[in-house]
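Asker: What follows is each chain in one-letter form.
Protein chains: 2
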Amino acid sequence: MKSGLNFLVAAKRCEIAELQQLALTSALVNVTGRLIHGLQRERGLSNLLIGSQGARFADMRLQQIEECRQIEGELRACFDELDTASARVGHGARLFSRIAYVLQGLDALEALRERVAALQWNTRQATDAYVRLVTGLLAVVFEAADSASDPEISRLLVARFNFMQGKEFAGQERAAGSALFASGRADTSEQQRLLHLIESQERCLQVFGEFAHPDVAEVWAASQANTPLAELERMRRVLCTAAHGAPLNVQLSQTWFDCCSRRIDSMKVVEDRLALDLQHTCENKTIAAQAELASYEALRAVPPQKADAMSFFHDATATASPSGFGAGAQGYGLQLERSILELVQEQARRLQTMGEELDTVRSSLNERKTIERAKGLLMAHRQLSEEEAHKTMRQMAMNQNRRLIEVAEAVLAMADVLPARPR
Amino acid sequence: MKSGLNFLVAAKRCEIAELQQLALTSALVNVTGRLIHGLQRERGLSNLLIGSQGARFADMRLQQIEECRQIEGELRACFDELDTASARVGHGARLFSRIAYVLQGLDALEALRERVAALQWNTRQATDAYVRLVTGLLAVVFEAADSASDPEISRLLVARFNFMQGKEFAGQERAAGSALFASGRADTSEQQRLLHLIESQERCLQVFGEFAHPDVAEVWAASQANTPLAELERMRRVLCTAAHGAPLNVQLSQTWFDCCSRRIDSMKVVEDRLALDLQHTCENKTIAAQAELASYEALRAVPPQKADAMSFFHDATATASPSGFGAGAQGYGLQLERSILELVQEQARRLQTMGEELDTVRSSLNERKTIERAKGLLMAHRQLSEEEAHKTMRQMAMNQNRRLIEVAEAVLAMADVLPARPR
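As they're listed, the protein sequences go chains Z and P.
First residue of the first sequence: 652, per our numbering; consecutive thereafter.
First residue of the second sequence: 652, per our numbering; consecutive thereafter.
Warning: the hint list may mix true and false statements.
Because identical chains cannot be distinguished in the list, a pair is counted as satisfied if it fits within a single copy or across any two copies.
[What the hints assert, rightly or not] In silico DMTMM-like cross-links for lysine to aspartate or glutamate, where the CA-CA straight-line distance does not exceed 25 angstroms:
(1) Lys653 / Glu761
(2) Lys653 / Asp1010
(3) Lys1020 / Glu1060
(4) Lys1020 / Asp1010
(5) Lys1026 / Glu1008
(6) Lys1026 / Glu1039
(7) Lys1020 / Glu803
(8) Lys1020 / Glu850
(9) Lys653 / Glu723
(10) Lys1026 / Asp1010
(11) Lys653 / Glu1038
(12) Lys1026 / Glu993
(13) Lys936 / Glu717
(14) Lys653 / Asp734
(15) Lys653 / Glu725
(16) Lys1026 / Glu732
(17) Lys1020 / Glu1008
(18) Lys1026 / Glu1007
(19) Lys1020 / Glu1057
(20) Lys1020 / Asp797
(21) Lys1020 / Glu1039
(22) Lys653 / Asp758
(23) Lys653 / Glu884
(24) Lys919 / Glu723
(25) Lys919 / Glu934
(26) Lys1042 / Asp923
If you're looking for bench data, these hints aren't it; they were derived computationally from the structure.
It should be emphasised that the depicted structure is a prediction, and the values quoted were computed from it without experimental measurement.
Bound conformation, chain Z alone (with noise of 0.2 angstroms):
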């Protein structure tokens, strides 16, 4: 028969696993990010291609496909390692859909390739084609962010998550500019479009600060100090205030490429460092965890005394109290399953204290997620781009002095009395 103590192992065993299964998850997020990477920089370069009618870029594209088609080797190779016969319970559903729809957006890599090496779409069209890919990407980072049942992981997870939804924003900046400096006319629409990613980059990186050790937002800090950062301040400034239709330079457009490629490759950086940091820590909360089964299994060995089973009946506090010293023979006995008891007591109130702080954490990520389905709302409903509908609930939130969330939640509320989407 089953002792409490048993269950004391088991549900170490289960944390146990649960870090583990966050380390092999947490590899596959590494390889993702670095095929993301990558993939920022061919879109940039496409943009690029396409921009110039084909004139430049077309040799550097070819050398970063080449570099992507090895890392979504390397990818897939991770995706066929993932043990998908042995169905998982918690987040296995979610992740392994997102997955799926990554390998479709993956089989059709190479059509969009040749779609812009025959030039047939614009930089638009090539751009939210790269962008719905790494979006895609991006979700399966954000399973794995959502997938921690320890708080402290969990927070790791979401600095890396906005960390790196804040570079995706980079480099669509980086994209758009791109585009914008080759076709030499400033353009309204892309106008309002690169303020919105520097906006949304932003907020992602204002997180990322609130979550981060930091240790690793000084080595932010240092990085940033080292970008040319008044260059890419004084070229956006260009940008965004050209009037419409105005000529822009077209020479600017591998400048621009430049110093916002070498401000991404310095939050890549950062992105690595959050990747080792959260290797360590899963490496040496399993490493705790394990010591502690192996002292909770060195219990075994003892045979079970049941002299003191009362003291279940009695106060925390009370069984603390000097009366625990039992008197001779007897006294290992009662010491001994006091502190199973005690054992148990300690792993329940220590996974219901981690249950809460998770709780915490998880809500930022929920938070976004009720932004991000009020957006997509109001997208539909209102038939607004998105950089429409966040400004729309930017200045609700300003009139009414509330928070985006709220106004966000007030959204969604609103949700059934909204006229049906017009087909």
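Following the hints, put chain P in place on chain Z, whose structure we already have.
Answerer: Relative to chain Z, chain P alone:
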């Protein structure tokens, strides 16, 4: 190399595994519910025995103990059958930890019975001991409610948990009232406790009403019509309004016990109905998921076509447009490839929607946790009883015209500035 279809299938398998695990956990909860029911009765009879100084109810109590021992055996067998060897990710750690705690309590049960038989404890001490064990058992039920990732099942589990918790408050009311009548004297603090138990029980039943299927709510309404509610309310009035120290009719202890028992037994019927509904819902969902899985796997037999991979980059609305109807032999391939993408998108959307609905359902569980934490904080820092802490928070809510959950959140936000717990 694994395809999108492989992961579509894997995600569906995970969903099925989750449903099957839920069905197993649910069966465990059924036996837990029966043991709780038995222990509630044993608690009431123990109080009657102590209240009558051992003069009455001894046989009935022994009979009840025998029944409880049998169900305890069944529950332990269920625990033994749980797969603790292969560590489960998800809510495994918390469930096992709760079970470890319950087993410590069950190990102490015989010792508790001896104290009661020897009249070494007063009714309050005996009640508290049984309450502690039942609370541990309810925590197992709570973890089951918290572990579902299907919102419809989660709703059923939330309804069930709240109903069981409400029934436990009804059981505590029976025990407290039995003891009070049997003692023959009104007592202010016990009267306060009774009022608190009545209120807590009504709150739980309200949540049950919000989450239960309308037809189960009807079963509950119908069963209430058959219980002696008027008689119960009359005795409640007698119990709660008598002046401190005033005599109570000792003979009413049996009447009170029987009247409460009829109500509680009718609650068990509703609880069983909830369990049955849950089982059917799990079964139906499993069948539906398995049919979907079979339809996915049938697609595997068809050779993959990549002709229309590019549809990944078109809008979901665009792919649903008539352009999807390809011509001739090529058409089949187009349709097939598109349909896998559509299946993948549909699955992602469904999991997304389920996740959102689940967040909503779980927020009601989180509210409960928040209120309990705030109560615990007040108890620790202001040296209040549970009833006093609850009353304080309710008073604050009324004074400030806010919901109880808002007051609880405010109390927790104050946690850092409250003085450390005095030793």
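Asker: Are the hints correct? Go through all of them and say.
Answerer: Comparing the hints with the structure gives:
When the C-alpha separation of Lys653 and Glu761 is checked against a cutoff of 25 angstroms, the pair qualifies only between copies, where the shortest distance is 18 angstroms, while the shortest distance within a copy is 57 angstroms. Proximity of Lys653 and Asp1010 under a CA criterion of 25 angstroms is satisfied in neither setting, with 32 angstroms inside one chain copy and 35 angstroms between copies. Taking the shortest Cα distances, Lys1020 and Glu1060 sit within 25 angstroms of each other both inside one copy (11 angstroms) and across copies (22 angstroms). In this assembly of identical chains, Lys1020 and Asp1010 lie within 25 angstroms of each other by CA distance both inside one copy and across copies; the values are 15 angstroms within and 11 angstroms between.
Taking identical chains as interchangeable, the C-alpha atoms of Lys1026 and Glu1008 lie at most 25 angstroms apart only when they sit on different chains, with a minimum of 18 angstroms there against 28 angstroms within one chain. When the C-alpha separation of Lys1026 and Glu1039 is checked against a cutoff of 25 angstroms, the pair qualifies only within one copy, where the shortest distance is 9 angstroms, while the shortest distance between copies is 45 angstroms. In this homomeric assembly, Lys1020 and Glu803 come within 25 angstroms of each other (Cα to Cα) both inside a single copy, at 21 angstroms, and across copies, at 20 angstroms. In this homomeric assembly, Lys1020 and Glu850 come within 25 angstroms of each other (Cα to Cα) only inside a single copy, at 18 angstroms, whereas the closest approach across copies is 36 angstroms.
Taking the shortest Cα distances, Lys653 and Glu723 sit within 25 angstroms of each other only across copies (13 angstroms), while inside one copy they are farther apart (48 angstroms). Taking the shortest Cα distances, Lys1026 and Asp1010 sit within 25 angstroms of each other both inside one copy (24 angstroms) and across copies (18 angstroms). In the homo-oligomer, the alpha carbons of Lys653 and Glu1038 never lie at most 25 angstroms apart, since the shortest distance is 59 angstroms inside one protomer and 37 angstroms across protomers. Proximity of Lys1026 to Glu993 under the C-alpha cut-off of 25 angstroms is restricted to the inter-copy arrangement: shortest distance 23 angstroms between copies versus 49 angstroms within a copy.
For a Cα distance limit of 25 angstroms, the shortest separation of Lys936 from Glu717 qualifies neither inside one copy, at 38 angstroms, nor across copies, at 45 angstroms. Taking identical chains as interchangeable, the C-alpha atoms of Lys653 and Asp734 lie at most 25 angstroms apart only when they sit on different chains, with a minimum of 11 angstroms there against 30 angstroms within one chain. For the homomeric pair Lys653 and Glu725, the shortest alpha-carbon distance between copies (13 angstroms) is at most 25 angstroms, but the shortest distance inside one copy (44 angstroms) is not. For a Cα distance limit of 25 angstroms, the shortest separation of Lys1026 from Glu732 qualifies neither inside one copy, at 37 angstroms, nor across copies, at 48 angstroms.
Taking the shortest Cα distances, Lys1020 and Glu1008 sit within 25 angstroms of each other both inside one copy (19 angstroms) and across copies (12 angstroms). Taking the shortest Cα distances, Lys1026 and Glu1007 sit within 25 angstroms of each other only across copies (15 angstroms), while inside one copy they are farther apart (29 angstroms). For a Cα distance limit of 25 angstroms, the shortest separation of Lys1020 from Glu1057 qualifies both inside one copy, at 13 angstroms, and across copies, at 23 angstroms. In this assembly of identical chains, Lys1020 and Asp797 lie within 25 angstroms of each other by CA distance both inside one copy and across copies; the values are 11 angstroms within and 21 angstroms between.
Taking the shortest alpha-carbon separations for Lys1020 and Glu1039, only the intra-copy value of 18 angstroms comes in at or below 25 angstroms, while the best inter-copy value is 39 angstroms. Taking identical chains as interchangeable, the C-alpha atoms of Lys653 and Asp758 lie at most 25 angstroms apart only when they sit on different chains, with a minimum of 11 angstroms there against 50 angstroms within one chain. For the homomeric pair Lys653 and Glu884, neither the shortest alpha-carbon distance inside one copy (66 angstroms) nor that between copies (44 angstroms) is at most 25 angstroms. In this homomeric assembly, Lys919 and Glu723 come within 25 angstroms of each other (Cα to Cα) only inside a single copy, at 18 angstroms, whereas the closest approach across copies is 57 angstroms.
For the identical chains of this complex, Lys919 and Glu934 are intra-copy neighbours only, at 22 angstroms inside a copy versus 47 angstroms across copies, given an alpha-carbon limit of 25 angstroms. For a Cα distance limit of 25 angstroms, the shortest separation of Lys1042 from Asp923 qualifies neither inside one copy, at 33 angstroms, nor across copies, at 52 angstroms.
Hints 2, 11, 13, 16, 23 and 26 from the list above are not met by this structure, while the remaining hints are.
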